[in-house]
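Protein chains: 2
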Amino acid sequence: MKKVSIKDVAKEAGVSPTTVSYILNNNKNVSITPETRARVLAASDKLKYVPSQAAKTLGSSRVMGRTQSKMIGVVIPQTEDSVDDAYIMLSNPFYSTFLSAVEYEMRRANYHVLVTGTNRGQSYIEVVKSRALDGVIIIGIYPSEDVDEYRRFNIPTVLVDCYGSSGGDFVSIRTDDRLGGYMAAKHLLEMGHRRIAFVSGEIKADGVNYMRFQGYRDALAEYGLDFDSELVFGGYVGFSYGAEAAAAIAAANKSGGRRITAAFATSDITAIGLIKGLSESGLRVPEDISVIGFDDIDYAGMCVPGLTTIRQNIIEKGHEAARLMIDALNGKSSAGEKIIPMQLVERASVKRLTENAEVV
Amino acid sequence: MKKVSIKDVAKEAGVSPTTVSYILNNNKNVSITPETRARVLAASDKLKYVPSQAAKTLGSSRVMGRTQSKMIGVVIPQTEDSVDDAYIMLSNPFYSTFLSAVEYEMRRANYHVLVTGTNRGQSYIEVVKSRALDGVIIIGIYPSEDVDEYRRFNIPTVLVDCYGSSGGDFVSIRTDDRLGGYMAAKHLLEMGHRRIAFVSGEIKADGVNYMRFQGYRDALAEYGLDFDSELVFGGYVGFSYGAEAAAAIAAANKSGGRRITAAFATSDITAIGLIKGLSESGLRVPEDISVIGFDDIDYAGMCVPGLTTIRQNIIEKGHEAARLMIDALNGKSSAGEKIIPMQLVERASVKRLTENAEVV
Chain A
296 MKKVSIKDVA
306 KEAGVSPTTV
316 SYILNNNKNV
326 SITPETRARV
336 LAASDKLKYV
346 PSQAAKTLGS
356 SRVMGRTQSK
366 MIGVVIPQTE
376 DSVDDAYIML
386 SNPFYSTFLS
396 AVEYEMRRAN
406 YHVLVTGTNR
416 GQSYIEVVKS
426 RALDGVIIIG
436 IYPSEDVDEY
446 RRFNIPTVLV
456 DCYGSSGGDF
466 VSIRTDDRLG
476 GYMAAKHLLE
486 MGHRRIAFVS
496 GEIKADGVNY
506 MRFQGYRDAL
516 AEYGLDFDSE
526 LVFGGYVGFS
536 YGAEAAAAIA
546 AANKSGGRRI
556 TAAFATSDIT
566 AIGLIKGLSE
576 SGLRVPEDIS
586 VIGFDDIDYA
596 GMCVPGLTTI
606 RQNIIEKGHE
616 AARLMIDALN
626 GKSSAGEKII
636 PMQLVERASV
646 KRLTENAEVV
Chain B
296 MKKVSIKDVA
306 KEAGVSPTTV
316 SYILNNNKNV
326 SITPETRARV
336 LAASDKLKYV
346 PSQAAKTLGS
356 SRVMGRTQSK
366 MIGVVIPQTE
376 DSVDDAYIML
386 SNPFYSTFLS
396 AVEYEMRRAN
406 YHVLVTGTNR
416 GQSYIEVVKS
426 RALDGVIIIG
436 IYPSEDVDEY
446 RRFNIPTVLV
456 DCYGSSGGDF
466 VSIRTDDRLG
476 GYMAAKHLLE
486 MGHRRIAFVS
496 GEIKADGVNY
506 MRFQGYRDAL
516 AEYGLDFDSE
526 LVFGGYVGFS
536 YGAEAAAAIA
546 AANKSGGRRI
556 TAAFATSDIT
566 AIGLIKGLSE
576 SGLRVPEDIS
586 VIGFDDIDYA
596 GMCVPGLTTI
606 RQNIIEKGHE
616 AARLMIDALN
626 GKSSAGEKII
636 PMQLVERASV
646 KRLTENAEVV
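Taken in sequence, the protein lines are chains A and B.
First residue of the first sequence? That's 296 in our numbering, and the numbers climb one at a time after it.
First residue of the second sequence? That's 296 in our numbering, and the numbers climb one at a time after it.
Each hint should be verified, as a subset may be incorrect.
Note that identical chains are pooled: a pair holds if it fits in a single copy or bridges any two copies.
Unchecked claim - Below, in silico cross-link-like pairs of lysine-lysine (DSBU-like), each with a Cα-Cα straight-line distance of 30 Å or less:
| # | residue 1 | residue 2 |
| --- | --- | --- |
| 1 | Lys341 | Lys424 |
| 2 | Lys499 | Lys341 |
| 3 | Lys302 | Lys365 |
| 4 | Lys365 | Lys627 |
| 5 | Lys424 | Lys633 |
| 6 | Lys341 | Lys627 |
| 7 | Lys549 | Lys302 |
| 8 | Lys341 | Lys633 |
| 9 | Lys365 | Lys646 |
| 10 | Lys424 | Lys365 |
| 11 | Lys633 | Lys481 |
Since the hints were derived computationally from the structure, they do not count as laboratory data.
All chains, full assembly: derive it from the sequences and hints.
Below, the structure written as structure tokens:
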């Protein structure tokens with residue numbers, strides 16, 4: 296099959312290849328009559344001409360001195376020591392929903408999305424450079440040399456759920472995780488619970504789990520309660536860890552002492568593991584123990600009982616990350632932090648604790 | 296930051312840029328001493344040289360007369376009329392697990408993965424051409440002109456869950472869906488069920504749902520039963536449709552007549568919707584109605600009760616699809632159909648029907 300070239304289109308339309316190039320690349324610096332434009336587009340359609348992005352990358356399509364690949368990267372780092380860390384999205388459906396939303400919005404703007412995990416020790420920068428990516432969306436990275444290297448590399452970068460790395464010309468998008476942690480714990484307190492387990496991924500300075508932990512403590516303090524380190528379970532984000540924590544909670548409740556009546560899991564996928572683990576220990580949710588999650592992944596509304604959770608609109612977060620990226624690609628500066636609102640979604644995994652039940 | 300060039304590496308190693316290029320591109324036609332190779336690789340490491348894939352694409356890296364982008368595409372078509380059809384992966388976690396497995400295996404072989412949905416009416420071929428993709432993995436496409444166009448275009452293509460499109464130099468990977476449908480229905484029959492609903496996506500010739508439907512009929516026939524069209528629910532693959540079908544089943548059971556005691560949903564995500572919908576209609580699984588799914592997505596083991604299902608190893612399917620792609624990229628022909636085995640996974644969503652319960 297002979298590849299249709301720009302020359303073929305030029306010949307069909309009766310204009311020069313340069314004119315075709317101006318029109319197809321939407322070059323605003325050149326004045327073209329509407330008739331010529333229409334003739335060239337018709338010729339291009341008729342011949343089914345497809346411009347090669349690879350050729351464009353090394354060609355003349357430059358914006359602000361940078362070649363354009365019309366492709367961005369979404370980097371999903373494996374920062375947690377989960378068993379599935381070689382896989383980019385298995386451990387948490389949050390990622391696939393977010394990625395789908397980014398891809399949808401970028402596709403509408405005629406960009407493609409390269410999705411990549413990274414092998415341990417590999418710099419994301421290598422991928423960005425080797426692919427001549429126009430920009431990169433990075434989820435959940437901790438402040439590190441990598442971010443500094445990105446900054447030096449100076450390509451449009453949107454950070455998602457990152458603390459302490461924004462500023463400069465970086466755009467950051469996240470929820471107010473401390474507030475979210477507060478909302479979750481506050482709801483359990485309002486429902487009469489006092490012994491509330493905190494189940495999360497690694498609690499590391501400047502990470503989202505650390506922020507949610509601060510919010511949990513804020514709510515406890517408001518009720519005159521100090522946090523009890525025995526109620527804090529910090530492992531990794533994932534179903535398996537939720538199930539592990541459930542076994543520990545069930546064991547603690549059997550060993551006597553004041554019963555743990557509720558748990559706040561800082562991600563829904565962990566909450567779902569917790570519920571499964573509790574069920575395997577013979578404990579029912581919410582009859583024996585209440586559980587609240589965080590994220591509102593699809594599955595939160597699908598499971599029985601439905602999971603009460605702190606909702607962040609993941610699809611909107613993906614759309615917004617893509618829109619911030621598109622703005623940055625177009626040279627519109629919107630540096631700073633964009634905060635996505637949250638809301639409490641009450642389903643069926645939390646029940647009000649009666650006075651009697653609390654004292655065991 | 297000055298970009299390190301191949302000339303810098305050559306200078307550092309004391310060799311010509313051409314020699315560096317031969318070594319870094321692993322050119323087997325040129326004889327290089329081990330000492331020179333080691334010196335060049337050390338220089339490349341020291342200077343943190345990163346070859347530009349974009350440059351390579353238009354450069355001399357050609358295999359079988361084709362330029363290499365070291366990038367493959369995974370195309371997730373929106374062939375079902377689901378509400379989420381603008382999003383590539385939202386409707387079914389099968390896709391994200393599969394994609395993660397493909398990305399993992401391709402990454403190990405130094406390929407990147409471009410993930411794309413397509414807008415309605417847009418040809419996937421355009422993406423392949425414009426990105427100079429080395430190959431493409433296509434999931435669940437129906438036989439169509441698109442596939443014929445792929446064939447003409449003659450790039451390494453792995454078809455996943457496709458019927459009637461293989462042959463020639465195409466590689467196809469799938470399960471034996473007719474056998475899988477038979478296994479699911481047979482299990483319910485063995486557990487004493489006779490009125491078994493069939494809940495699936497659109498039942499379309501040469502689609503996986505059609506094949507699973509044939510298997511369901513095979514099992515019924517083995518028990519001397521004909522299929523009852525009132526028990527066949529063919530909508531779309533997804534949670535929402537499962538919930539819709541549940542409402543219809545609950546209504547049918549209330550209207551009198553012989554009670555539907557079990558359902559086979561041809562995907563787990565539909566089965567989970569079915570269970571949720573039944574719960575909302577006041578029916579418990581498995582006490583009031585048994586449910587079996589298909590796929591064994593992660594949620595199948597996470598939900599309470601655990602979902603009994605026909606397992607296909609999705610991660611292995613992704614790995615195998617990637618390996619077939621890598622073989623094809625390396626010119627190793629393995630054209631034909633690769634069949635992934637299935638197995639029945641018994642959890643808690645199917646119960647044995649006693650004689651009394653069946654007759655209502």
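* Asked: Given a CA cutoff of 30 Å, do Lys365 and Lys627 count as a within-copy pair, a between-copy pair, both, or neither?
  -> within (17 Å within a copy, 32 Å between copies)
* Asked: From the Cα coordinates, with 30 Å as the cut-off, is the pair Lys302 and Lys365 best called within, between, both, or neither?
  -> For Lys302 and Lys365, the Cα distance is within 30 Å both inside one copy (23 Å) and across copies (28 Å).
* To do: Could you place Lys633 and Lys481 in one of the four classes (within, between, both, neither) given a Cα distance threshold of 30 Å?
  => Cα proximity of Lys633 and Lys481: one copy only (25 Å, versus 54 Å across).
* Asked: Between copies, within a copy, both or neither: which fits Lys365 and Lys646 at Cα up to 30 Å?
  -> neither (50 Å within a copy, 54 Å between copies)
* **Up to 30 Å CA-CA - Lys341 versus Lys499, copy category** => Neither. Shortest intra-copy (58 Å) and inter-copy (32 Å) distances fail the 30 Å Cα cut-off.
* Classify it for me, Lys341 with Lys627: is the Cα-Cα distance of at most 30 Å met within a copy, between copies, both or neither? => neither (35 Å within a copy, 37 Å between copies)
* Asked: Taking 30 Å as the upper bound on the Cα-Cα distance, should Lys341 and Lys633 be classified as within, between, both, or neither?
  -> Neither: 44 Å inside a copy, 39 Å across copies.
* Measure nothing new, just compare the shortest in-copy and cross-copy C-alpha distances for Lys549 and Lys302 to 30 Å and report within, between, both or neither. => neither (79 Å within a copy, 69 Å between copies)
* To do: Indicate which option fits the pair Lys424, Lys633 if close means a Cα-Cα distance not exceeding 30 Å: within, between, both or neither.
  => Within one copy only: 27 Å inside, 36 Å across.
* Asked: Using 30 Å as the alpha-carbon threshold, which applies to Lys341 and Lys424: within, between, both, or neither?
  -> Between copies only: 17 Å across, 36 Å inside.
* At 30 Å max between alpha carbons, let me know whether Lys424 reaches Lys365 within a copy, between copies, both or neither. => Classified as both; 14 Å inside a copy, 14 Å across copies.
In summary, the structure is inconsistent with hints 2, 6, 7, 8, 9 from the numbered list given earlier, while agreeing with the others.
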